[in-house]
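Engineer: With the hints as your guide, set chain B onto chain A.
Single-letter residue listing:
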Amino acid sequence: MFHIPHSQVAFLGAECHRVINAILDEINADADVNVELIADLTQFFLRDIYRIDQQQRGAVSLAKLVGYWAFWIRKLKPISNVVLRGESRVSNLEANYINEIVALEFAIELAAQYRGNGGFEDVVMAHCKTSGKEPCPSGECFKRYARFYFSFSDGFYYRYIIYSMRNRTFGPHHFALLIENLLFGACQNLYGGQR
Amino acid sequence: MTSLGTHIDVIAENIRIWFKKNSDVNKYFDQVYIFGSAINDDGRFFVPNSLFGSDIDLLMRFSENCQGAVERAQALRNLREAKGDLEARICTTLLNGRREKSLVSVLAITDYELYHSIHKGFDPKIFTMNIFHDALTGENNSGGLVDYIDFAYHLENIEAFSVIRACQNVRNAYLDVSRNGESRLKSFDGPDVIPKEVMRAGALLNYVLNSPQDKDARTRLIDGLTFINKVLEIRKECERLFEILRQRQFGRLAKRPCLEVDDIMLLYEVLFDIARGIPKKSIREIIDGFIENK
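The listed protein sequences derive, respectively, from chains A and B.
For the first sequence, numbering that gives the first Met the number 0 begins at 0 and goes up steadily by one.
For the second sequence, numbering that gives the first Met the number 0 begins at 0 and goes up steadily by one.
The shape of chain B in the complex, shown without the other chains:
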């Protein structure tokens, strides 16, 4: 087993080399932080090669030029392809190659999610209280990455944030590919047109945007599906995805196309963009805008 403290340097060094080398990744992401058991308590509970198999948790922030659904989906696709190389590097140097399941768990996140402390596991304080080790500069952020959580803002925007969290979760699953190539996110070929979770996300957005008086609309899956169809239909960049959904809705096709994991990811990113457009700007954002402009 690696001695305490040194493993973080090994991991960070591997990330630095890997990140610098991969222009397909570094053009879409600008920050990489190590957090979780590898860094908490000086890594005392980080046991990557045990039965429990600790993960290396990484937070990767999308860069500013990567703010649209299509760009983010592309960024994630690139990251998914490149992540195997990172895992292999760390496995070789840290574990003598012994590890079957995925070693690196990535929380891919936009600046907006970070700013508002939106976390897939409903733990906003993770961003204000946890230790984040900047893998690219070697700096430790022991007081988190943000200094404020507007809890009222979270409650006000509960539907939008719920969709954003769902997207964050799916990004994490999409990027989770074990060393033998098995993906945690599966392609979808169920009896429904799209997975129920996606319809639920669509229903939440439809409720907020189109039927705020109708509380039942929040959970009406058929409304979610209709909403998603409308959303895709008017987006040129989603033409292919819309066609897949259209075919999947037509029961008489001999072979319905399935939704590949890339399609599911893009679908969630499209919903993310809609959710992102719902909350009104808070005074905190306005003041920070002034600060930035100064």
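In isolation and in its complexed conformation, chain A is listed as follows:
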């Protein structure tokens, strides 16, 4: 479809599929995942991130990487026919928002996984490392904080974001900003330990 390396589309498509299935499993949901849409969204994501790379060579942020990828999940909606199995932290009503929920979890999961691998700009990590304090374990503090943020006040922020993702304007830059803010908020070392 686009001028992008097909080897990367194949690999990242498979990776995306694997992570989506793991998230569905984790929230106790059975669903159909359309692999053609996964391939499509991977191509759109790569096209975007290559374009950004040309403008910001060597300085593409981790938040943008995962934000753009998650955006295309939210946009193309590869998940359908969701059925919750017994106990799930997702309600039946929220299950209608399964693509948005998975997209958000996907961004968190990927950001946590890729932190510390290097290659992408992560200003929080850079400052954390030079803060003179014990640097936090790369992905763990972020993931813990994100979970806390999304469960805060009975999931107030979570529901607000999921709703906006589906029913309001929600672009890849919104995603990127959200992740940047979560990365910053998660790092206790940056705030002089005042929290």
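Calculated directly from the structure, the hints in this document are not laboratory data.
Where a beta carbon is used, it is the ideal one built from N, C-alpha and C, also for glycine.
Watch out, some of these pointers could steer you wrong.
Which chain A residues stay away from chain B? Per the calculated CB distances, all over 10 angstroms, these [unchecked claim]:
#1 Ala30
#2 Leu36
#3 Val82
#4 Tyr156
With a Cα cut of at most 27 angstroms, we get these calculated DSS-like pairs of lysine-lysine [to be verified]:
#5 Lys214(B) x Lys279(B)
#6 Lys195(B) x Lys254(B)
#7 Lys280(B) x Lys128(A)
#8 Lys128(A) x Lys293(B)
#9 Lys119(B) x Lys214(B)
#10 Lys185(B) x Lys235(B)
#11 Lys26(B) x Lys119(B)
#12 Lys229(B) x Lys254(B)
#13 Lys280(B) x Lys214(B)
#14 Lys195(B) x Lys185(B)
#15 Lys142(A) x Lys293(B)
#16 Lys279(B) x Lys128(A)
Structural biologist: The following block gives chain B in isolation, referenced to the frame of chain A:
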């Protein structure tokens, strides 16, 4: 004349035997591909013993343990010595010994050049669209050896890539020794300290690294020479080369040493390493790094 299709098997078989036998070559190179007229259009236009004298084009990739200038220069020296044996083998089996000029043209290339489709003849698509026959495994890569060219990356790094291309060209000339022993790359004993092309390559690197605001620096040969002197001076492994340049700069010597072809090759490989260090990593490289680590 050899019938269509069979010549490629003969060539590949000879390469396989030769490559396996030559540990001085196979410890520095890990892939050998046949490309060009011997393989395109089922070899219909491959006429090695005619007036036109088709070459056998080989792409040889430096192995991973051969990434520094000195190692690559050594690898090329070994290949240059061993290549005559390969040519003799192919000439005997394919042409009944009839051929004077060099038969095998080698494109010696690093993984980096291949990955970014940097080609001495300004044809990046050669690596994405041409047929490459793996001489060691017999496999045909009809869709090229890489699946992407970042044209913007080429433009961004035009000076660095230009130096890399120049080095690739010189490798090709260095390895081109006719059957009567005549080398296409000549030793240099001109009035300048080093060949003008090398100074030009030095000027391009100096422009990018030290004077990016000064557009005239791109072509200022004296800056190129100064840059090269500085580069060699701090490299222990280039002590001998630096001394040759130092003596060549001193006009009162009764006999100035000339730059031998091995020296010229090493000089280009040193510049290659500097050029290679200039481009920032692209997102494509970062993602491929992840894929490799997985």
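Engineer: Quickly compare the C-alpha distance for Lys195(B) and Lys185(B) to 27 angstroms and report which way the hint goes.
Structural biologist: The hint holds at about 14 angstroms.
Engineer: When you check the alpha-carbon spacing of Lys229(B) and Lys254(B), does it fall within 27 angstroms?
Structural biologist: holds, 24 angstroms
Engineer: Closest CB-CB distance from Ala30(A) to chain B, is it above 10 angstroms?
Structural biologist: holds, 25 angstroms
Engineer: Lys185(B) and Lys235(B) were given as a pair; does the straight-line alpha-carbon distance stay at or below 27 angstroms?
Structural biologist: holds, 26 angstroms
Engineer: Please verify whether Lys26(B) and Lys119(B) have alpha carbons no more than 27 angstroms apart.
Structural biologist: Measuring from Cα to Cα gives roughly 24 angstroms; hence the hint holds.
Engineer: Verify this label for me: Tyr156(A) is non-interface relative to chain B, using a Cβ-Cβ cutoff of 10 angstroms.
Structural biologist: The assertion about Tyr156(A) holds, with a minimum of 30 angstroms to chain B.
Engineer: Against chain B, does Leu36(A) keep a CB gap of more than 10 angstroms to every residue?
Structural biologist: holds, 21 angstroms
Engineer: Given the hinted pair Lys142(A) and Lys293(B), is their Cα-Cα distance within 27 angstroms?
Structural biologist: holds, 22 angstroms
Engineer: Keeping to a limit of 27 angstroms between CA atoms, is the pair of Lys279(B) and Lys128(A) held or broken?
Structural biologist: Measuring from Cα to Cα gives roughly 23 angstroms; hence the hint holds.
Engineer: Hey, Lys280(B) versus Lys128(A), does the alpha-carbon distance stay inside 27 angstroms?
Structural biologist: Roughly 22 angstroms between the alpha carbons, so the hint for Lys280(B) and Lys128(A) holds.
Engineer: Taking the closest pair, is the beta carbon of Val82(A) still more than 10 angstroms from chain B?
Structural biologist: Holds: least Cβ distance 31 angstroms, greater than 10 angstroms.
Engineer: Between the alpha carbons of Lys214(B) and Lys279(B), is the straight-line distance 27 angstroms or under?
Structural biologist: holds, 21 angstroms
When the structure is compared with the earlier hints, no violation turns up for any of them.
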